[in-house]
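First to last, the sequence lines map onto chains A and B. When the count follows our numbering, it moves up by one through the first sequence with no breaks and lands on 240 for the last residue. When the count follows our numbering, it moves up by one through the second sequence with no breaks and lands on 504 for the last residue.
Hints are computed from structural coordinates only; laboratory data are not their basis. Check each hint, because a few of them may be wrong.
In silico DSS-like cross-links for lysine-lysine, where the CA-CA straight-line distance does not exceed 30 Å [stated by the list, open to error]:
#: 1; chain 1: A; residue 1: K128; chain 2: B; residue 2: K72
#: 2; chain 1: B; residue 1: K91; chain 2: B; residue 2: K290
#: 3; chain 1: A; residue 1: K83; chain 2: A; residue 2: K191
#: 4; chain 1: B; residue 1: K24; chain 2: B; residue 2: K89
#: 5; chain 1: B; residue 1: K72; chain 2: B; residue 2: K89
#: 6; chain 1: B; residue 1: K89; chain 2: A; residue 2: K40
Selected chain A positions facing chain B (Cβ under 10 Å, derived; list incomplete) [what the hints assert, rightly or not]:
#: 7; residue: A41
#: 8; residue: S43
#: 9; residue: Y44
#: 10; residue: S49
#: 11; residue: L52
#: 12; residue: N54
#: 13; residue: V62
#: 14; residue: F64
#: 15; residue: R124
#: 16; residue: S172
#: 17; residue: V174
#: 18; residue: V215
#: 19; residue: P216
#: 20; residue: V227
#: 21; residue: R233
#: 22; residue: S234
By construction, the Cβ of each residue, glycine as well, lies at the ideal position given by its N, Cα and C atoms.
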Amino acid sequence: MNDYVLFGVLPYVVVVLFLVVTIQRYRMKAFSYSSLSSQFLENQHHFWGSVPFHYGILVVLLGHVLGFLMPKAILAWNAEPLRLMVLEVTGIAFAVLTLVGLVNIILRRFSSRLTRKVTTRGDWVVYLLLLIQVLSGIGVAVFHGWGSSWFATNLTPWLWSLVKLSPEVQYVAPLPAMVKLHVLNAFVLIGFFPFTRLVHILVVPNPYLWRRTQVVIWNWDRSRLRNVD
Amino acid sequence: MDVRSQISMVFHLDKCIGCHTCSIACKNVWTDREGTEYMWWNNVETKPGTGYPTRWEDQESYKGGWKTDGRDVELRSTSKRKIVPNIFHNPAQPSLDDYYEPWTYNYSELFNAPEGDDQPVARPVSMITGEPIEVEAGPNWDDDLGGSEVYAANDPNLAPLSDQQRQQMKAIERMVMFYLPRICNHCLNPSCVASCPSGAMYKRGEDGIVLINQDRCRAWRSCIAACPYKKTYYNWSTGKSEKCILCFPRLEAGEAPACFHSCVGRIRYLGNVLYDADRIKAAALKPDDELVEAQRDTILDPHDPAVVAAARACGVPDGVIDSAQKSPVYRFAKEWKLGLPLHVEYRTFPMLFYVPPLLPVMSVSEGDLVRSDVDDLFADIEKARAPIGYLGQLFAAGNEGKVRYALRKQLAVRIWRRHVTVGDVPEEAARQALAEADCTAEEADEIYRLSALATWDDRFVIPPFQREMAMEMMTDPHEHRSAAGFGFRDAPRRS
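Taking the hints into account, I'd like the entire structure generated from these sequences.
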């Protein structure tokens with residue numbers, strides 16, 4: 012029953028919350044969509060936090076998405092033990108990179124009086140949730156190995172069952188507690204996401220890659236010359 | 010031909026007295042909020058000096074502006090390739106230390122301190138954290154050459170001068186300095202706009218004012234690194250970049266920007282010019298010493314019937330063409346060739362032009378000494394206290410001829426006016442000075458009038474335009490104000 016609430020109901024609550032709040036926040040308070048960078052106030056330690064964290068988390072997240080989108084390909088890749096090892100080691104390496112970055116980010120927030128000034132309660136919630144997520148993720152990888160394979164056999168079908176609106180929690184029910192913690196905390200993060208600075212992920216500047224170099228905005232139609240009669 | 014109108018500016022440096030009234034006017038109107046205390050959208054620097062932020066002209070470390078290989082131009086600080094690593098940590102981003110930590114004083118201590126043996130003092134406290142701090146730098150730390158061994162000596166523009174010239178600039182008998190007021194240049198080829206990953210920065214098509222859409226800025230901070238003049242600033246509190254908006258709400262109401270309006274020395278001129286946007290790319294590819302001329306070539310003669318016709322075809326309203334014809338900026342920058350852009354080698358084509366300072370004219374350097382006498386009122390500009398090489402670095406990307414031309418013409422105007430008003434200079438000599446400076450008596454009188462006697466209406470020729478929501482550029486702002494009033498984003502209509 013508990014499993015059903017946590018893995019069959021909570022994900023829907025969280026996703027609805029995520030969609031409604033992010034969209035509404037963008038419509039009503041677009042001004043609040045910002046990465047809230049503090050590099051201006053502290054420029055050295057910033058590098059050792061932000062850079063490893065972002066590269067690490069991007070690769071790790073990409074791994075999760077691939078496991079969700081192409082489980083068969085992952086399983087086929089893992090059929091060879093050497094390739095499985097390569098995948099596992101790569102995953103752990105980038106997870107550790109993420110952890111190093113995150114720890115630096117948190118230390119930096121404490122160490123400088125200027126960064127303390129711009130750190131809000133929402134930031135601390137984000138850091139705590141991220142820390143739980145990264146630590147539990149590394150814990151899963153170390154103590155319950157070959158996650159890339161059992162993710163494809165257990166979590167992917169469960170996630171797809173959620174997408175198909177008929178949750179089949181029997182896939183997650185038998186998993187170890189640490190895996191469950193990792194999964195649950197992920198949904199808690201998604202729930203907090205729209206209320207925190209994490210929304211900057213939604214506005215990453217991909218148009219920059221194909222837009223024209225200069226931006227000129229006209230408030231009127233240039234082809235129609237308008238003069239006083 | 011793509012004719013557009015651009016609000017542009019002239020600062021007459023010989024008239025600047027370095028009073029900082031412009032900076033204060035701007036600060037009081039725009040940057041007295043949390044997160045903006047350290048920003049000076051308008052600041053006044055002493056030259057030679059390192060400026061604000063410290064050594065902003067050193068693009069080897071700040072990476073501002075554009076660079077070219079003759080075939081293409083690209084930003085020094087970022088690009089479509091570099092944006093991915095830059096977005097997590099921008100290596101060219103200046104930090105608070107490069108500006109200064111804003112502070113105030115704990116004035117209440119003066120009144121509330123308990124009775125004691127010592128006089129109560131007001132300690133400096135940080136305007137960011139509120140904690141007591143030791144003040145180590147300020148936005149104008151080297152005002153009037155203060156600490157010049159540290160500051161003026163580190164001015165990047167001194168690079169081309171010989172050791173002897175540097176020693177001469179320092180010698181007490183011929184110490185030289187002048188003031189350089191700076192605001193956003195509202196460039197034709199703005200590197201801040203080109204660098205903005207979010208597309209939040211833009212140039213207003215109608216008047217060329219460069220703005221940041223606060224709702225779209227995401228604090229990726231690219232503009233701060235990309236602007237070579239360091240005139241976009243990061244608001245650490247809101248997580249948005251901010252910059253000089255050329256007081257567009259005032260312009261739309263027919264008023265001059267606050268810094269222009271408050272200028273005590275009346276050094277500031279504002280008006281629109283017509284330019285050909287199609288010529289910018291080719292101009293940016295020119296070698297350094299041709300850039301001043303290339304930028305001038307983008308500015309079109311608003312009296313030329315062909316230009317007027319092209320402007321109308323490009324949708325420039327008659328009222329805007331009309332004000333371009335009266336623009337003082339066109340006269341200074343293009344017609345008289347007195348106005349020069351600051352550091353045109355950054356290739357952003359700044360639309361703020363400086364009339365280079367002639368500095369004290371009634372004195373000559375002789376060896377290590379300066380002689381002032383009435384027999385030789387106007388010295389040769391080659392002997393001027395500020396080496397032309399130094400001014401050339403600032404205002405002509407090293408092309409000293411452009412500076413020499415502007416200085417010689419200013420000097421000729423003075424000689425001519427001396428002849429007209431005092432009469433102790435023979436007419437023949439005065440006319441010869443004019444001829445040598447490529448100037449006529451009529452032109453000299455015009456320059457004199459616009460430099461010395463200009464009224465509000467001469468200095469500020471504001472093209473007709475309304476607020477952004479109903480930008481029709483056809484109503485005279487003064488007329489509109491009396492008819493409709495201001496303060497509404499939409500027309501105040503009964504529904």
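Task: Interface hint outcome for L52 (chain A) [beta carbon to chain B under 10 Å] - done: With a closest approach of 6 Å, the L52 (chain A) hint holds.
Open item on the list: Interface hint check: S43 (chain A), Cβ to nearest Cβ on chain B, cutoff 10 Å. Holds or violated?
Closed with: Where the cut-off is 10 Å and the nearest Cβ of chain B is about 9 Å from S43 (chain A), the hint holds.
TODO: Compare the distance between the alpha carbons of K83 (chain A) and K191 (chain A) with 30 Å, and conclude whether the hinted pair is satisfied.
DONE: holds, 23 Å
Task: Restraint status (C-alpha distance of K128 (chain A) to K72 (chain B) at most 30 Å) - done: At roughly 29 Å apart (the allowed maximum being 30 Å), K72 (chain B) and K128 (chain A) satisfy the hint.
Open item on the list: Less than 10 Å between beta-carbons is the criterion; does V227 (chain A) satisfy it with respect to chain B?
Closed with: holds, 5 Å
Open item on the list: Against the 30 Å threshold, does the CA-CA distance of K89 (chain B) and K40 (chain A) hold or violate the hint?
Closed with: holds, 28 Å
- [ ] For the hint on P216 (chain A), just tell me whether its beta-carbon gets within less than 10 Å of chain B.
- [x] holds, 3 Å
Task: Restraint outcome when R124 (chain A) is required to lie within 10 Å of chain B by C-beta distance - done: holds, 5 Å
- [ ] Below or equal to 30 Å on CA atoms is what counts here, so check K72 (chain B) against K89 (chain B).
- [x] Between K72 (chain B) and K89 (chain B) the Cα gap is close to 16 Å, so the pair holds against 30 Å.
- [ ] Let me know if the C-beta of N54 (chain A) comes in closer than 10 Å to any C-beta of chain B, holds or violated.
- [x] At about 4 Å, which falls below the 10 Å cut-off, the nearest Cβ of chain B leaves the hint on N54 (chain A) intact, so it holds.
Task: Interface hint outcome for S234 (chain A) [beta carbon to chain B under 10 Å] - done: holds, 6 Å
TODO: Grab the minimum C-beta distance from V174 (chain A) to chain B and call the hint holds if it beats 10 Å, violated otherwise.
DONE: Given a least distance of 30 Å, the restraint on V174 (chain A) is violated.
When the structure is compared with the earlier hints, violations turn up for hints 4, 16 and 17 and for no others.
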